[in-house]
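Peer 1: Sequence:
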Amino acid sequence: MVEATRRLGQLKAFANGWGDVKSPNCRGFTAQEFQALDFSKMDLSEYYTEIEARSADLIQSDMEERVDAYLNAVQN
Numbered sequence: 002m003v004e005a006t007r008r009l010g011q012l013k014a015f016a017n018g019w020g021d022v023k024s025p026n027c028r029g030f031t032a033q034e035f036q037a038l039d040f041s042k043m044d045l046s047e048y049y050t051e052i053e054a055r056s057a058d059l060i061q062s063d064m065e066e067r068v069d070a071y072l073n074a075v076q077n
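Numbering (the numbering used here), first residue to last: 2 to 77.
Heads up, a few of these hints could be off.
Computed spacing ranges between beta-carbons, pair by pair [claimed, not checked]:
#1 Asp69 to Asp39: 28 to 38 Å
#2 Val22 to Ala57: 35 to 45 Å
#3 Glu34 to Ala57: 43 to 53 Å
#4 Asn73 to Cys27: 48 to 58 Å
#5 Glu65 to Glu34: 35 to 45 Å
#6 Lys23 to Ala70: 33 to 43 Å
I should point out that these hints are in silico values taken from the structure, not numbers from a laboratory. Note that the structure is a prediction, hence the values are computed from the model and not measured. Cβ coordinates follow ideal geometry from the N, Cα and C atoms, glycine included.
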C-alpha cells in the first residue's frame, strides 16, 4: 500500500510509475524518500483491518495460554 501510494504521486522521482513489462521500475525506497512520505494522506484501512484481525487472534491465544498456565499452577 505504501509503495502504491508513493508511485501514485507523493514522490516526484516516481512520476513514471511502475514502468512497463519490458522495463519495470522495481527499486525500493531510499531513506530520504521514505522520510518524505506523508502517511496522513495514505489510505491504510486495509492494513489496519488486517492488523486488528491478527491482534485479536494473538490476544485470544495469549489469554488461553495464561488461563491454562494458571489452572495448571492452581491444580498442582
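Peer 1: None of the hints should be skipped; say for each whether it holds.
Peer 2: Verification of the supplied hints:
1. The supplied range of 28 to 38 Å is broken by Asp69 and Asp39, whose beta-carbon atoms lie about 45 Å from each other.
2. Between Val22 and Ala57 the beta carbon distance is about 40 Å. The supplied range of 35 to 45 Å therefore holds.
3. For Glu34 and Ala57, the hinted distance range of 43 to 53 Å is not satisfied, since their beta carbons lie about 34 Å from each other.
4. Checked against the hint of 48 to 58 Å, the pair Asn73 and Cys27 passes, with Cβ atoms roughly 51 Å apart.
5. At about 43 Å, the beta-carbon gap between Glu65 and Glu34 stays in the expected band of 35 to 45 Å.
6. With their beta carbons about 58 Å apart, Lys23 and Ala70 fall outside the hinted range of 33 to 43 Å.
Going down the numbered hints, you'll see the structure goes against 1, 3 and 6, while the others check out.
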